[in-house]
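Put chain B on the given structure of chain A with help from the hints.
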Amino acid sequence: MRTTPDKSVFVPKRKDTIVRQLCDELLVYDKATNKAHCLNESAAEVWNLCDGKRTVAEIVPLLKKKAKAPTDEQLLWMALLRLEKAGLLQNNLPLSGPVCTLSRREASRRVGATAAALAVPVIASILVPKAEAAVSCSTLGGVCNPRPCCAGMLLTCVAHRCV
Amino acid sequence: MPEIESPGHAVAAALAESWLKSPPKSKMAARDLAAIVPLLLKSGAGALGWWRFRNSDEQLLPAVRSLRETYLQYAIHSAGHERQVVATFRVLRSVGVEPILIKGWAIARAYPETGLRPSGDIDLYVSPERQAKAQAVLNAASRQQYWVDLEHDEINRFSEFDFAELSGRSELVNLNGTEIRVMGAEDHLRILCLHLLKHGAWRPLWLCDVAAALESRHPNFDWDRCFGRNKRRADWIACAIGLANRLLGAELRDVPVEYRANSLPRWLISSVLKQWSTPYPPNLPSFVSQLKGNWWRAEILTAVRQRWPNPIQATVDGDGSFDNTTRLPFQLRDCIARAVKLCLPLHSSARD
Chain A
1 MRTTPDKSVF VPKRKDTIVR QLCDELLVYD KATNKAHCLN ESAAEVWNLC
51 DGKRTVAEIV PLLKKKAKAP TDEQLLWMAL LRLEKAGLLQ NNLPLSGPVC
101 TLSRREASRR VGATAAALAV PVIASILVPK AEAAVSCSTL GGVCNPRPCC
151 AGMLLTCVAH RCV
Chain B
1 MPEIESPGHA VAAALAESWL KSPPKSKMAA RDLAAIVPLL LKSGAGALGW
51 WRFRNSDEQL LPAVRSLRET YLQYAIHSAG HERQVVATFR VLRSVGVEPI
101 LIKGWAIARA YPETGLRPSG DIDLYVSPER QAKAQAVLNA ASRQQYWVDL
151 EHDEINRFSE FDFAELSGRS ELVNLNGTEI RVMGAEDHLR ILCLHLLKHG
201 AWRPLWLCDV AAALESRHPN FDWDRCFGRN KRRADWIACA IGLANRLLGA
251 ELRDVPVEYR ANSLPRWLIS SVLKQWSTPY PPNLPSFVSQ LKGNWWRAEI
301 LTAVRQRWPN PIQATVDGDG SFDNTTRLPF QLRDCIARAV KLCLPLHSSA
351 RD
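Quick mapping for you: the protein sequence lines, in order, are chains A and B. Quick note: the numbering used here has the first sequence finishing at residue 163, numbered continuously throughout. Quick note: the numbering used here has the second sequence finishing at residue 352, numbered continuously throughout.
In case anyone wonders, no lab produced these hints; they're calculated from the structure. Beta carbons are placed, not taken as given, at the ideal position from N, Cα and C, and that holds for glycine.
Pairs of lysine to aspartate or glutamate, DMTMM-like flavour, derived with a Cα cap of 25 angstroms:
#	chain 1	residue 1	chain 2	residue 2
1	A	Lys13	A	Asp24
2	A	Lys35	B	Glu69
3	A	Lys7	A	Asp51
4	B	Lys274	B	Asp32
5	A	Lys31	B	Asp121
6	B	Lys21	B	Glu251
7	A	Lys66	A	Glu41
8	A	Lys68	A	Glu84
9	B	Lys231	B	Glu160
10	A	Lys66	B	Glu113
11	B	Lys25	A	Glu25
12	A	Lys31	B	Glu69
13	A	Lys35	B	Glu113
14	A	Lys85	B	Glu69
15	B	Lys21	A	Asp24
16	B	Lys27	A	Asp24
17	B	Lys21	A	Glu41
18	A	Lys15	B	Glu69
19	B	Lys25	A	Glu41
20	A	Lys68	B	Glu113
21	B	Lys341	B	Asp319
22	A	Lys15	B	Glu113
23	B	Lys21	A	Glu25
24	A	Lys68	A	Glu58
25	B	Lys25	A	Asp24
26	A	Lys68	A	Asp24
Selected chain B positions facing chain A (in silico; Cβ < 7 angstroms):
#	residue
27	Leu72
28	Gln73
29	Ala75
30	Ile76
31	Ala79
Bound conformation, chain A alone (with noise of 0.2 angstroms):
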């Protein structure tokens, strides 16, 4: 059985990633592994908080007081673990204790199920696929290296001329 560790202390990982806020998630993207996590409210609440300063017992009636819907301790170490299993916290969690065992299922039960999906932490990973840009490209004249003919146009480079 573990203890609830109140005083712990959680640091983001913050280096090598984009932060970016979205309509309703905030997006996090580590270079390092090309993976992009999107977090939900909740989930992007404790990410926010934990700031490698406030402990677990600090951030709790923080994160009360900001959510939409019912929050405890149990759904803050829902996602501290989320976080630390998407890599996105520098230090480890506790290996034991009562906090980790919470399941979607038994989150959602507690809170309710209309508050749940506000409430449990929720985060999606994904790798990032290369895409197109919107580039622009060289019309008819046009110097094409490195810049592309505008495919469009159905144009050739031909000695670094768009024909």
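For chain B alone, kept in the frame of chain A given last:
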């Protein structure tokens, strides 16, 4: 459920009002959406597609999963791009060059999230007298991690206003604590319209840019300044805005071009939709190598057909009117110009 006539129509329907904070719910069928997802992704409109469909019925969600991945990728990329914009402004200002940002982040800020509008390079307009200096600084090895473009046809070829005028009407906006100079709203909308047409409107994202700029304009927007003094260019701009209205549902209330939106030449809409329907082709082999040894056979027809100029781009290159007459003269002119430009470098390399 409305019948979708072509993939181009479906792309237009998918991106309709996608630049709004809360786009309207789409009635598109899942199979139609699934069919155009590759077109959205390849044209750089994947994130906007996700934005449009993110609150749709569950049956559409499997089709848009890849759009969501692109949305996240663009969001990450935009953070890096914004840092590059700030860094570029700092380095140019350090040598006394004050650039004006166009397109890219300058228009991305008109969208609900800047990541919805991906930017591949940084387009800056600088005073012609300072351009060489700016280019020299940007060419330094340390700055070559990203492409900065100082040459802009849509300004150099078509603008009636010089740098001093454009600079005088530009605005300073905050980006991560740094003041970034962007074009005035009227000048920027004109540039976005001309850029769209110059490129033959082949990227639907560029028409979304026109719509986003149009709908985010300030209440004192000066239409005379936007259209400029050249009547033909003014009509081009009106046509681009008309396209944004007809294809993407951009709002034309209080916009003095409503008449033009309802009288666009027939070939204009159909050529845009045709382009949006076609998957972007891989780079063609050079015309010469394609015809090597076969120039007298049918291959020449195939090679020419593959390179047949886009009617919008050919009209702009020929400084023509967007009327209902055939585009053939402009397209033939474009072919000849292309052949000349093909021959010149070959001739000079043969001489060397």
